[in-house]
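K.L.:
Listed below, chain by chain, are the residues.
There are 2 protein chains.
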Amino acid sequence: MPPAGSSWRGEQLSLLARLLHSRQSSQAFEDLLTEAKDEFREARSSGKLDETQEFERGRNLELLQQGFSRQKNLDSGLVGELATAQAEGYRLWQEAKENADFSFFAPALRKLIALRKEQAAQLAEPRSCWETLAQPFEPDLTKIRLSELFAPLRRRLPELLETVRGWEPSPRSKWDLDELVQQKLCDRLLKDWGRDQSITCVARSPHPFSTTLGPKDFRLTTRVVPGQPLSCFLATAHEWGHSLYEQGLNFQSHQWFAWPLGQATSMAVHESQSLFWENRIARSFSFSERFWHHFAEAGAPIDSGNSLWREMNPLTPGLNRVEADELSYGIHILIRTDLEFALLEEGLSVDDLPEEWNKRYENILGVVPRNDAEGCLQDVHWSEGQFGYFPSYLLGHLISAQIAEAMSDGLISLGIEAQDPIDWCIRTSNESMMLSWLRKEVHPYGRQVNAEQLVQKVTGKPLSSNAFLKYLERKLEQLSPDT
Amino acid sequence: MPPAGSSWRGEQLSLLARLLHSRQSSQAFEDLLTEAKDEFREARSSGKLDETQEFERGRNLELLQQGFSRQKNLDSGLVGELATAQAEGYRLWQEAKENADFSFFAPALRKLIALRKEQAAQLAEPRSCWETLAQPFEPDLTKIRLSELFAPLRRRLPELLETVRGWEPSPRSKWDLDELVQQKLCDRLLKDWGRDQSITCVARSPHPFSTTLGPKDFRLTTRVVPGQPLSCFLATAHEWGHSLYEQGLNFQSHQWFAWPLGQATSMAVHESQSLFWENRIARSFSFSERFWHHFAEAGAPIDSGNSLWREMNPLTPGLNRVEADELSYGIHILIRTDLEFALLEEGLSVDDLPEEWNKRYENILGVVPRNDAEGCLQDVHWSEGQFGYFPSYLLGHLISAQIAEAMSDGLISLGIEAQDPIDWCIRTSNESMMLSWLRKEVHPYGRQVNAEQLVQKVTGKPLSSNAFLKYLERKLEQLSPDT
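Listed in order, the protein sequences are those of chains A and B. Here the first sequence is numbered in our numbering, starting from 45 and rising by one per residue. Here the second sequence is numbered in our numbering, starting from 45 and rising by one per residue.
Honestly, the hints are just simulated from the structure, not real lab data. It is possible that part of the hints are untrue.
Because identical chains cannot be distinguished in the list, a pair is counted as satisfied if it fits within a single copy or across any two copies.
[What the hints assert, rightly or not] Derived lysine-lysine pairs resembling DSS-like cross-links, with alpha carbons at most 30 Å apart:
no., residue 1, residue 2
1, Lys228, Lys141
2, Lys235, Lys141
3, Lys218, Lys116
4, Lys403, Lys505
5, Lys161, Lys81
6, Lys116, Lys155
7, Lys519, Lys505
8, Lys187, Lys235
9, Lys155, Lys218
10, Lys501, Lys218
11, Lys501, Lys116
12, Lys228, Lys501
13, Lys161, Lys501
14, Lys81, Lys505
15, Lys218, Lys81
Owing to the predicted nature of the structure, the values given are computational and were not obtained by experimental measurement.
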């Protein structure tokens, strides 16, 4: 969209938000819901439903009722105002970022925070403001639980960072690959990973994303970043993970498409799936061993699995979340999460945000943004008043690692006799076995459960940071120059 | 969209078509219209409106009433069925084209023709079926008028073609340009032509197009065709012409955006504007004289204005409409128009279409498609049952030429003392003067008038093929090897 198009777009988005809200909170919707509940009750009492049907329909209705009640609590004026403020916020954030000057965006952020607080107040849930806003991303998440889950990371990640800081930086060559060559490598990757061209499309966009537009219509985008020859490849792996998850949701038959049960369990679970394919698979040593020759043939200065693997895993704490390595990534999230608590519940003034941001980056990561564009303006989320999303990224790392452990056990019980069955699958190009397991054990649940319930079901253990820290420690050991 | 996504998309399109139809033919719409007419009558009789306001509001209401009456005449079942058939037709056409086999598409075309006939019957206008279907593209067009306008072309174009056939083909070198280089040349062109980046965006798509998404949101796309280094450049010029027209429509103030008066006069007028910038400007000798060094610097084997100009103007009658030169383009349209008459009104059987198509191509252009993909499957229009559109392309050539003559006079009266003022503007990089003239004389009318009325207003003469044939004859003279 050209910059001057944004005000009209803002008006459209505001209108759509109001129309949607009025529909989702209408008497007609409530009547349909009541009818559906009556029908369900009748079918249940007459014994027409098997156990699965009974659970699925009941849960679907419960989630529809929850969504309706939330919408009903919201004032339509607020809904419209919020949509306008989001469009305006996004526009000003872009301007601020271009000028590397937070002050362009500060008034919009102040307004968004006020509106979000009002929204949380209207929703009147038995939760704090931040918790209320986080619900659409992570159902049932509480700050207390989050602090339990993140506590070991707060302690351990800085220690690991300290270790890595002591390492001699390995000399890295500057290289790049032609756009078309990068595209071919991505095509190769997705072919290896079983892409079905009849239901998936790949395109380019400034920010990579994955989306689903119909029961058999999955799209993903990637981007080519000059000077970062692996960026497009890893973004493709990441978005493919998101897409595979959506492809595995329970709506292939149309039945649950557009219904709550056909939707992702949570954003953390979504992220766990993208991170699994990006980090656990594409950044693994075994994958590099198997795939490096494609890079070599494409003209990259890669002469072994080890050299590709090192390129895939730079360990350099930086200012940017999106470009962060697996170790420092969590720190970026911890900083943002704390700042959201502070902004929404602890009275941090918007004007003080840049300073607070920079202070925390210096203290924990040892790097200081040169300007606001590198600092608190880097992410899009706050530009639209999205609060409560960031933790999902880090929870995704935790879930991915814990699910990978369960997958290993699962693969062993399927008869794979290897010490590390996931590595075995990668080495032998048997990604399809991992996918089958995910398709059976993880993907189909959708919103039948929340993220923690899913993890408990899949792994038999409550969610924790253990698996992730274990994975990280092992990886650092392998990457250590002493190894 | 991935292929398997099309059935869901078809359902969505059908739903949208039915919703739109039900809204546009609703009692609520009629009531609003009645109210607006009452209000208008009152304001007029109380002398509150100046002459312009009176005309504009009256005309706007007249067009709204016309649109309402048309929608009201249509049965909602037909509307939904047609939308589904269009989606299905498009899908099958793609399949047929890939397989170069018309029989894949024939049943869908048969259905589309039946539904379109039914649509025309329901509209019950005092016009033939084909004429009724052509109205949305060319308001007030009749077959009789079309046959008058095209008669000189039917006679003269084949004669000119015969002349050109006698020429020794000039030896042409095979060359190509890198994608990025082509993009830079296009950027350069649009910069020269006064592109305002705040309201326009340029992207890529398989088929170039131009669209307007808001009062300050103009988008165009282009494509890079391997082996055709000028295709992207000329497509950009063409789409930019469309976009300039939309940018000049009378809705910059929001006032008429989404109202009939803010819409293009007709598709032929739209096409005249794209063709003006593509053919009259970008393919002119003066433009090549001025621009060739950019191509030379970009690495193209171009060493003079003349060499670029020859590359821009190949004269090779071929099978493809989109790739046709200015001379044979008209023939492609005449063939399609006659076939549409035959299919809709003269009982030509769908099964006989490929044979009829090929016969006409052989007789008139002397070329025979090797298969249906090169033949009657080449254009997208019929795949969605769009009949009545093709003449607009050729009428656009006529209008462009006639408007260019008036522009020349206009520029002279502005004080430009040159024998050919348009060429003068091109040579001296004064495209902005031509645009200013178009912005004043052509663009703002929108649907205040139909295409013929616009031409009469702008040029003081009825629309005819004279200017176009004169332009063509002069151009061929210049391109002749004897010159």
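K.L.:
A separate judgement is required for each hint: does it hold in the structure or not?
P.N.:
Outcome of the hint check:
Taking the shortest alpha-carbon separations for Lys228 and Lys141, only the inter-copy value of 26 Å comes in at or below 30 Å, while the best intra-copy value is 33 Å. Proximity of Lys235 and Lys141 under a CA criterion of 30 Å is satisfied inter-copy only: 25 Å between copies versus 37 Å inside one chain copy. Taking CA atoms no more than 30 Å apart as the test, Lys218 paired with Lys116 passes in neither setting, with 56 Å inside one copy and 66 Å between copies. In this assembly of identical chains, Lys403 and Lys505 lie within 30 Å of each other by CA distance neither inside one copy nor across copies; the values are 37 Å within and 74 Å between.
For the homomeric pair Lys161 and Lys81, neither the shortest alpha-carbon distance inside one copy (33 Å) nor that between copies (46 Å) is at most 30 Å. Within a single copy, Lys116 and Lys155 get their C-alpha atoms as close as 23 Å, which meets the 30 Å cut-off; across copies the closest is 46 Å, which misses it. In this homomeric assembly, Lys519 and Lys505 come within 30 Å of each other (Cα to Cα) only inside a single copy, at 23 Å, whereas the closest approach across copies is 80 Å. Taking CA atoms no more than 30 Å apart as the test, Lys187 paired with Lys235 passes in neither setting, with 41 Å inside one copy and 53 Å between copies.
For the homomeric pair Lys155 and Lys218, neither the shortest alpha-carbon distance inside one copy (44 Å) nor that between copies (60 Å) is at most 30 Å. Taking identical chains as interchangeable, the C-alpha atoms of Lys501 and Lys218 are never at most 30 Å apart, the minima being 45 Å within one chain and 63 Å between chains. Proximity of Lys501 to Lys116 under the C-alpha cut-off of 30 Å is found in neither arrangement, the shortest distances being 33 Å within a copy and 56 Å between copies. Taking CA atoms no more than 30 Å apart as the test, Lys228 paired with Lys501 passes in neither setting, with 39 Å inside one copy and 55 Å between copies.
For the identical chains of this complex, Lys161 and Lys501 are neighbours neither inside a copy (35 Å) nor across copies (59 Å), given an alpha-carbon limit of 30 Å. For a Cα distance limit of 30 Å, the shortest separation of Lys81 from Lys505 qualifies neither inside one copy, at 34 Å, nor across copies, at 70 Å. Taking CA atoms no more than 30 Å apart as the test, Lys218 paired with Lys81 passes in neither setting, with 62 Å inside one copy and 70 Å between copies.
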